[in-house]
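Peer 1: On the provided structure of chain A, position chain B as indicated by the hints.
Just so you know, the sequences run in chain order A and B.
FYI, in the UniProt record's numbering the residues of the first sequence are 1 to 529.
FYI, in the UniProt record's numbering the residues of the second sequence are 1 to 312.
No lab work stands behind these hints: they were computed from the structure.
This one's a predicted model, so the numbers in the text were calculated from it and none came from an experiment.
Some hints here could point you the wrong way.
So the derived list for chain A, only partly shown, Cβ under 7 Å to chain B, looks like this [as the list claims (entries may be wrong)]:
id: 1; residue: Glu204
id: 2; residue: Ala235
id: 3; residue: Leu238
id: 4; residue: Ala239
id: 5; residue: Glu244
id: 6; residue: Ala400
id: 7; residue: His402
id: 8; residue: Thr442
id: 9; residue: Gly444
We treat Cβ as the ideally placed atom computed from N, Cα and C, and that holds for glycine.
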Amino acid sequence: MITRRTLLGTAMAATATGLYAPRVRAAEPDTLRFANSAGGPRKLDPNQITQGADSWAAAQVFEYLAQPADGDFGKTPDEFEPWLAESWTTSDDARTWVFTLRQGVQFHGGYGEMTSEDVARSFIRARDEGVDSSNYENIVSAEPSGKYEVTVTLKNPDPLFLGSTVFTRRTMIISKKAEQELGEAFATQAVGTGPYELERFDSEQGIFLSRFEDYWGEPANIAKVECLYIADTTARTLALISGEVDMAEGVRQPGWIQQMQQQKPDLQFDMTVPGSFNTLFFNLSKDPLQNKMVRQAIAHGIDKQMIVDALQPMSRMVYTLNPPNYPTGFSEEDLPEELRYEYNPEKAKALLKEAGFGGGLTIPVNTSKREDYSTQHLIIQEMLRAIDVNIELTIMDHSAYHGSNRQNANTLNINSWSLPPVPLFVYNVYASSAANMNAEGTGGGNYSHYGVEMDGVDPLLQEMLQATSFEGYIEKGREVELKIQEDLPMFGLPTLSFVVARNPRIDLGYEVTGGNAYWRFCRASITTA
Amino acid sequence: MAKYVLYRLGDAIPTLFLVLTLVFIAMRILPGDPALAALGPMADPVQLALFRERMGLNEPLPLQYIYFLWDAIRLDFGRSFISDVPVADLIARNLPHTIYLTIVSVLMGLCLGIPFGVFAATRRNRPPDNALRIYSLIGYSIPDFYLAAILLIVFSLQLGWFPINGAGTGFWDGLHHILLPAMTLAMLKSAFMGRLTRTSVLEVLGRDYVRTARAKGAREGRVIYRHGLRNAMLPLSTGIGISILATLSGSVAVELVFNRPGIGRLLIDAISERDYPVIQAGVMMFAFFVILVNLVMDVVYVFVDPRIRMKS
Chain A
1 MITRRTLLGT
11 AMAATATGLY
21 APRVRAAEPD
31 TLRFANSAGG
41 PRKLDPNQIT
51 QGADSWAAAQ
61 VFEYLAQPAD
71 GDFGKTPDEF
81 EPWLAESWTT
91 SDDARTWVFT
101 LRQGVQFHGG
111 YGEMTSEDVA
121 RSFIRARDEG
131 VDSSNYENIV
141 SAEPSGKYEV
151 TVTLKNPDPL
161 FLGSTVFTRR
171 TMIISKKAEQ
181 ELGEAFATQA
191 VGTGPYELER
201 FDSEQGIFLS
211 RFEDYWGEPA
221 NIAKVECLYI
231 ADTTARTLAL
241 ISGEVDMAEG
251 VRQPGWIQQM
261 QQQKPDLQFD
271 MTVPGSFNTL
281 FFNLSKDPLQ
291 NKMVRQAIAH
301 GIDKQMIVDA
311 LQPMSRMVYT
321 LNPPNYPTGF
331 SEEDLPEELR
341 YEYNPEKAKA
351 LLKEAGFGGG
361 LTIPVNTSKR
371 EDYSTQHLII
381 QEMLRAIDVN
391 IELTIMDHSA
401 YHGSNRQNAN
411 TLNINSWSLP
421 PVPLFVYNVY
431 ASSAANMNAE
441 GTGGGNYSHY
451 GVEMDGVDPL
461 LQEMLQATSF
471 EGYIEKGREV
481 ELKIQEDLPM
491 FGLPTLSFVV
501 ARNPRIDLGY
511 EVTGGNAYWR
521 FCRASITTA
Chain B
1 MAKYVLYRLG
11 DAIPTLFLVL
21 TLVFIAMRIL
31 PGDPALAALG
41 PMADPVQLAL
51 FRERMGLNEP
61 LPLQYIYFLW
71 DAIRLDFGRS
81 FISDVPVADL
91 IARNLPHTIY
101 LTIVSVLMGL
111 CLGIPFGVFA
121 ATRRNRPPDN
131 ALRIYSLIGY
141 SIPDFYLAAI
151 LLIVFSLQLG
161 WFPINGAGTG
171 FWDGLHHILL
181 PAMTLAMLKS
191 AFMGRLTRTS
201 VLEVLGRDYV
211 RTARAKGARE
221 GRVIYRHGLR
231 NAMLPLSTGI
241 GISILATLSG
251 SVAVELVFNR
261 PGIGRLLIDA
271 ISERDYPVIQ
281 AGVMMFAFFV
291 ILVNLVMDVV
301 YVFVDPRIRM
311 KS
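Just chain A, with the same shape it has in the complex (with noise of 0.2 Å):
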């Protein structure tokens, strides 16, 4: 069997050796060819995509309505900027958001200008078509209020609106036209406004865009952007390194960067934070993890800072389910020491005896084989062994272990997920009772079943729901973040960052800090043939 571990080991074996004098190619003067890890294109309809790898030809084809500046996503209402929308109203209420279009934007393939028909027809198929529709059941309606005006309400007011369902990549504007003329076809040859325009998807081997002459704003610099899909790590390590590819997603196990700098001393790497959210789900319909002092002593026995040292330099530490730079996340000094969980294995043992297990506990666990999974995963079964809590790990394909998870058939899972600074999307998706978790696996991403087996934030939820200004909403959410720290249902793990290498001829254009694991490539450039 092959393992990208095994793989890379010969890479490394051969490095040892001398073998290895790696030649670079002549790449091509005017393309940027980024390296997914991924088997191949799926989709580049914004409404349908699954796989985050075609997330990266979308964001070059397509564009929002606003959006915050490139490199990072948007925390607070004013740090979205327009974008196809010149300009914005909302009501006091916050339920009413009326958007004035930029006039001349031209559709790809001559699909003609963006219209008001457009923007609301790519609000209303998120909500009734996508595949997360139930995240914008919030939209009563999208209508034209002019050619170039459109009027959105909500059911429940939303002050985040504009994080929560402007800038997420279910509602990139595209050609209602071009929808209703390709048919199913709409699903890998959509049409968009952005810089780049589809020259070719092709299923096996990546999507080609090329430039597109007529784009409203600044012409992107280079000619053509190359989305190419390399599964195996050892091969888009290789055609990064070769000059093959100009950047490729990197690997999130520990040494990966130290190994590729090694390599390739001018590689530069760009990550976002904090990246993905590491959640440590406590699954309260288990033994003896209803037990509230086993879920701390569990918490005290996780040295966080020794996961953020492992996995250096991707690893951000967190101290509740958001992380500190999120609005409604805490940092170590803003929570009361009772709730910091600072790793202490006396404490941790002290919590377990007085819970009646003194002589240790035995959890069995499933493990994705995935390298940011089982890497976490083994760092805890080590630390928790410190404290007579012995890990049974069980480590399997990722798709085996997501079943499990839906199954309620593991116990401590972690959830890896790049969580937008949206609380409240957060909060619905991991803590609410409606996402409850059930054996059918018909449920959601509530693993410890938060709200259902004990009492949760629902309420709270409620009440954050009907906030209408962005500060009373913020507020509400930390009432629901201590809420959930105080129970510890879940645990929030040191966040890790999604990572791109770069080959250093390519200049972004702007640092990425933080947002989506994609990124644009309008603003970048070439700078060495």
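Peer 2: Just chain B, lined up with the frame of chain A:
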């Protein structure tokens, strides 16, 4: 002969049926939810339910099995759960790459292995024979993916002679892209074929008719190639058949390491994504090729050794 081929083809039907049944059962036993794999681990429960409904995953298993068999009989493997592309299209796009790789690597393996085997057989216990023994030992022991990584590092990365990824476009570019993956498989095949050729030729060279040919004053080249190698062709053709099948299965690892399109890579991706229709069609293709290659080899035997036809 036609009757024999038809008979053998008919014989293949229960084998294919068994393979399909085993694949169906294996995929359903394997943990992992195709809906989650297709829509992502954090997908909306409503969309997951809709997906399962649309793909018939909520039907009772016996019913799913009947639908599956009925579709297989009609060679309709449906659409990929993941990409929504008809499976027939995916197979059609990937299969030529695997066949091309198999043909090139088997040809390279034969061109290298057979002469090497003959050369060693005619110099028994001398340095060429010892060299073949060592080469064969390495060829038998080294895993294909390991050799692929080493060749990739040396010839692509260090020397820059070959591309690292993909299958290329056009004939010459395609040939340039296939040489290194084919060489990986060919080196392993040539070790096997070389050893087999050596043993077979040695056995034949000890026969009476070879001694007679030599006594009649035939040139050594004629003795070896006309009397020796030709009579060793029967075991060699078995070896070639085995070699083709091993190359087909070996292509899985090579396609992954060289990031080439092909049925092997398609299958590996499909298994990790629980893409049942693609797995079922891919495994059926492999099973079909095993049966086809065996059938072709049976027919080849008849031509290589007419006594087989007489006996039958």
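Peer 1: Please flag the earlier hints that this structure goes against, numbers listed from lowest up.
Peer 2: Hints that this structure does not satisfy do not exist here, as all of them hold.
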